[in-house]
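Q: What follows is the residue order along each chain.
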Amino acid sequence: MSNQSADAVFDALGEPVRRRILELLHEGPTPVGRLAERLPVGRPAVSKHLRVLTNAGLIERHPAGTRNLYALAPDGMTAAQQWLLQTWDTVLAAYAAEISRQRDTRSSP
Amino acid sequence: MSTVPPLRREILVDTDPATAFEVFTAQIGQWWPLAEKSVFGADATVAFDDGQLIERSTDGQTDLWGTVTRWDPPRAVAFSWHPGEAPTSHVEVTFAAAADRTRVTVVHSGWEAYGDPAAARTQYDEGWPEVLDRLEGAAHDTWVALMHRRGPAAPVTGSPFEDPRFRDHAAFLHRMRQAGYLVMAGPMVDGAGEGMTILRLPGPEQLGAATKLATEDDASVAGGFLAVTVRPWNPMMRPYREPAGPGGSA
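Chains as they are written, first to last, in the working numbering: chain A, 1 to 109; chain B, 1 to 250.
Certain hints may be false.
Covered, in the sense of this in silico footprint (three residues per stretch, anywhere, with C-beta under 8 angstroms from a C-beta of chain B), are these stretches of chain A [claimed, not checked]:
#, region
1, 30 to 40
2, 45 to 58
3, 75 to 87
Now the stretches of chain B that chain A is said to cover, found in silico as 3 or more residues with beta-carbon under 8 angstroms [stated by the list, open to error]:
#, region
4, 6 to 17
5, 22 to 32
6, 85 to 92
7, 194 to 200
Hint data in this document are derived by calculation from the structure and do not stem from the laboratory. Just so it is clear, CB atoms sit at the ideal spot from N, CA and C, and this is done for glycine as well.
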């Protein structure tokens with residue numbers, strides 16, 4: 001999983017309306033009109049947000065007859081999780097190195 | 001409510017909990033890898049300052065990474081987490097004495113609202129939390145790779161596997177299996193008479209015991225039929241899912 005897709009996920013999550021869309025989709029696959037009714041922005045803006053979320057891999061579009069349903073993507077958060085895992089590994093490795101450095105400084109003046 | 005499972009990472013550090021807490025908090029600016037993980041880059045600074053975790057750039061900009069929600073030295077520190085544009089999540093770091101060292105555990109939560117609950121359940125069952133559980137155990141055990149090759153008493157020609165003395169080696173491997181130490185063993189396909197065995201001994205710092213087993217308990221090595229190099233191994237990663245063996249049942 002590349003950092004770029006994790007960036008896309010975090011960028012997508014960095015906007016309150018998009019976070020609200022994800023929360024609404026927790027209730028199940030939803031047509032865009034139903035989402036728009038429950039959001040404080042117009043339908044074109046909702047479509048734009050849906051595009052960003054789709055491109056980040058967080059949601060999927062399912063054609064259902066004449067309309068489209070949007071749903072949470074099963075692996076939507078995987079890139080973000082991988083990125084966070086790698087972040088904490090980097091951070092904790094630096095932390096452990098600092099503790100080793102301090103110990104070595106103490107034991108060999 | 002179904003949730004995206006919290007991310008959990010732990011590390012053993014060679015110091016006491018009070019020092020581990022102090023280094024993580026008061027001295028965070030000395031070690032946090034700002035070049036890789038920051039808003040303003042390598043020249044910035046970061047500090048816990050009056051209940052807030054703040055990054056400052058050289059030209060005076062600030063970014064509030066989070067606000068402390070629990071301050072319990074030397075046991076724990078917790079804070080909200082929203083560096084840059086990130087949505088708010090939550091980080092808890094705990095420090096627990098483990099023999100003469102300290103186990104530092106990071107739990108990063110707050111992703112529940114954004115993931116598919118059904119997928120989250122699948123990941124919880126099969127995905128990365130299992131990796132971490134496995135590594136937690138792994139960190140406390142001693143792992144070694146035994147690299148075997150022909151010893152000084154081995155015949156120069158012929159397959160060592162057909163030599164009666166090879167049975168001593170097989171018997172050693174069976175003992176390791178019965179003891180629960182054997183992870184895997186087998187010959188190198190591209191090196192005649194060479195092989196590798198991975199052992200996992202419970203508890204830290206068992207390299208001496210592993211070496212003794214490999215060189216004395218294995219009569220084929222003690223007798224010079226095989227030579228062995230004992231290499232301490234630090235397993236860091238495994239697949240998210242066990243690879244399915246060819247022909248294995250699902």
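Q: Name the hints, by number, that the structure is in violation of.
A: 1, 2 and 7
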